[in-house]
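Residue numbers (our numbering), protein chains in the order written: chain F, 531 to 914; chain A, 995 to 1261; chain S, 3 to 287.
Worth flagging that the hints you see were computed from the coordinates, not collected in a lab.
The hints are all genuine.
Computed Cβ-Cβ distance ranges for the label pairs, DEER-style:
1. F:Ala-857 with S:Leu-269: 53 to 59 Å
2. F:Ser-805 with S:Trp-137: 30 to 36 Å
3. S:Leu-269 with A:Lys-1077: 17 to 23 Å
4. S:Leu-27 with A:Tyr-1124: 23 to 29 Å
5. A:Gln-1250 with S:Trp-12: 37 to 43 Å
6. S:Gln-9 with A:Gly-1131: 25 to 31 Å
7. F:Ser-805 with S:Glu-54: 47 to 53 Å
8. F:Ala-857 with S:Leu-82: 48 to 54 Å
9. S:Leu-199 with F:Ala-857: 55 to 61 Å
10. S:Leu-82 with A:Pro-1116: 54 to 60 Å
11. S:Val-143 with F:Gln-726: 17 to 23 Å
12. A:Gly-1123 with S:Lys-8: 38 to 44 Å
13. S:Thr-71 with A:Leu-1172: 49 to 55 Å
Here are the simulated lysine-lysine pairs, DSS-like style, with alpha carbons at most 30 Å apart:
14. F:Lys-816 with F:Lys-717
15. F:Lys-816 with F:Lys-771
16. A:Lys-1077 with S:Lys-8
17. S:Lys-100 with A:Lys-1053
18. A:Lys-1033 with F:Lys-552
Note that the coordinates shown come from a computational prediction; the quantities given were computed from them, not determined experimentally.
Cβ coordinates follow ideal geometry from the N, Cα and C atoms, glycine included.
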Amino acid sequence: MTDESTPISRKKFLEELRRYEKGSVTRRHFLGVTGLGTAMAVMSGAMPGLVSGRARAQELGDRAVLATWPNYHDPANFDLFTDETGVFTQVNVFGSNEEMLAKLQAGGSGWDVFVPTNYTISTYVEADLIEPLDISKLPNYDAKAFQARFADAGTIDGTVYAVPKNWGTTGIASNSNHTGGVVDSWKSFFDGARDQWTGRAMVHDYQLTTIGNALVYFGHSFNSVAPNELADAEKLLIDVKPHLFAITSDYQPGMRNGDAWLTMCWTGDGKQLNSDMPEIGFALGKEGGEIWSDYYAIPKDAPHREAAYALINYLLTPEVNAREALAHGYPVADSRTNALLPEELLDDPILYPAAERLSALEFGAAATLTDPNRAELMARFKSA
Amino acid sequence: MRLYATAVYLFLYLPIGIIALFSLSAGRSATQLQGISIKWYGRALNNPFVMEALWTSVKVAFVSAVLASVVGTMAALALTGMKGRLRAGFDLMVHVAVMIPGIVIGIATLIALVSVFDIVNPWLEAASGYRLSMGFGSLVAAHGLFTMSLVVLIVRGRMEALDRALIEASNDLGAGSLATFRQVTLPLIAPAILAGFLLSFTFSFDDFIIAFFVAGSETTLPIYVFSSIRRGVTPEINAIGTMVMVASLGLLIVAQLMLRRGDARRQ
Amino acid sequence: MALTQKQTRWLLLTPAGLWYAALLLLPLAVVLIFSFGERNAVGGYAPGFTFEQYANLPARFAAFRNTMTLAPLGTLAALLIAYPLAYFLAVKVSSRWKTTLLVLVIVPFWTSILIRSYAWIFLLGGRGIPALFDWVGIEGVRLINTPFAVLIGIVYGYLPLMVFPIYVALEKLDKQLLEAAADLGTPPWRSFLQITLPLSMPGVLTGTMLVFILLMGEFLIPAILGGGKVFFVGNALVDLFLQSRNWAFGSAVAVALVVIMLIVVTLYGRLARRFSVGRDDVGLM
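Starting from the given sequences, assemble the full structure and let the hints guide the process.
If you want it as structure tokens, here you go:
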């Protein structure tokens, strides 16, 4: 990355960050020098008059409702956005993609921007719940800055419906005090769970990853909906169930108090567990598993569409995005943003695993989300 | 007896003690004590999302509990001693309202209201420039539906067991029905109304699943907390819980002191 | 005030009636219509008229069976723990402290249920109560993610709902009546059986019914304290509406659940009426 595409260099950005952390500059100063000026300059280029702040607010409206994941933003970024545009960002938080989808399907959500994960986007398009994006209103979005695999799912039949935000993986967290090292394959996960780690393993309360990783155990695709392959997965899951500590997506408490020794685990949780308790390691399954990517999108009935575009555009500014990443800790897909982030973050093996480990992983497919057989399998597994 | 009661209160407050303890953690997990710090209190107070959610929850719980207590008590008064088809129909509604699981009533209410709004809004907008949408009102209404039924059941239980002779005597002595109500009935059913109000407030304040659907773009505290699971719940939530607890206990002590002073003055 | 009794009655019932019409009957109609519909290919509801969803109900048999076993058990446990406390609050405590102590029963519930459950995960987990057992020499005690943990969670979570109605029923108990009985040489257990218990029956019935009904739809306690290994109808509903978004089938499950509850509650009411002679209505159907 050259400095031409990043108005502030990594060195300067990090220097300012350190000064801010030491308390020698105010938050406002920090936010100001790390991107506000450039973000607004770019925006005003595309939308004349934006810099005049509140005067513009009439056209943008007074608020934007953002449906997103918890702890996924730096609240200070929203304050700044309000200062500059007069648009107040109201944040709604969600626990899963299916919940988001259910709520949009039921109607009356009132959202302007939401953050779907890759595998749901085509379903939103099919159900006619999502708006094609007018890229000209997002001057800060630079498609070239993103690896194709993190951006592909947002484009369907040549139409861009969503632009990428962050990405992550689903792997295995294990407590090496008890498992004698990092568990790094689904084979040892499921076999160990039935044997030496009986009563100590957890799987997600969530069909995509639980069924998906059971499929991967047999060498099938993570996304398979083939009846004979699902039958394999069902047999394994029913077999392992009596040995499980829990079926839950809320696995941090069990891991932390030592009752559970290993669990299916999302990147962010893996990072949090590992930094608090170094004996808990995180590894991707050798055979494969899930890689995911989150996007920004605008729902069809968004009440404040112009504000929605302004907000997405603002959050895509590399400097703003870098501050977001420092706040939430998830890997960023935008290379312009990565150029601003500290090296140690980019070298973190949990957050940015080596490329060869990633190549075995699969993005979730939309078919798994809507396949009734996978849903029924999950119900049989849980009530067995 | 006293020992037993103490044991039950201990059972009720033991988890609260744990919550308060973990709120002092310096780490970022809500379920582990990692060093001592009060930083999560600062974080909670400075987190606009959390404070707004807390405030929304308090408002919704209070308004819906007041409405549920008033409307529920009115219905309970009318239903007492009533017979016939109207009574049977009302009883059925009261029971079904309590029976439908929250997730079902939540999503069904959302779909029903959105359909109604779609019909009403164009007309309303033309007439007044105002549009109906999901939010504070639908939250209060949906919570109130359930809690009003609780109030009806509890107050009616008390009414049915009351000495009706007392009320009739008062009426016979020429007291108007309003006076009878204020001076005889109301004091007698007051404990039931209070119990109903407290249960209503608590239900609304702690409900996630109905609020999830009908909240529109509002966020209540339970919605915030539940959606945090996927990204790790921090001691911030413990700090809020502890603050709510301390504030309620403080109010309770003040109320108790005032009650005492009132007693002393009367003597 | 020249209102007739009938007019007053209508006036009192109208607000509640309107509330029920708008927020109960309307959504109820949605549920019924959905239950005869179909699942949309991308999830959600697709219009139709079929009995397929009802025919498919046996697919959730295990969930119904689990719920029907643990709900009555949980109700009974809550009653046994709650009754003495309600009795204590209503009869033994001086009137000055009554309200305060009553409110104290419910204040713990003003912290998020999720955080309270986390506290229980800790208390029932390896470093909590089992560690104490360990310390006194009883090893290998496992509490968390067992049906027993679910039962503790139920008793804890539903205590106020049981205590309050019983308290309300007992609160008006005339203490002089008990004293008179004692003066006449009636042993305390007899006056309890003959005076106190019958008087508290309406409260017991309301409390048990409320707790039972809400337990039938419970999903959080089995998910958190049962480790998701105990699957209730409530959990099946949450999965059907939020995860697989099979709203048609979910609606059919919900209708079946409400019908079962109506039958159970009606039978229970009949039974209860037989035991509370001379009372035409005890707060039940």
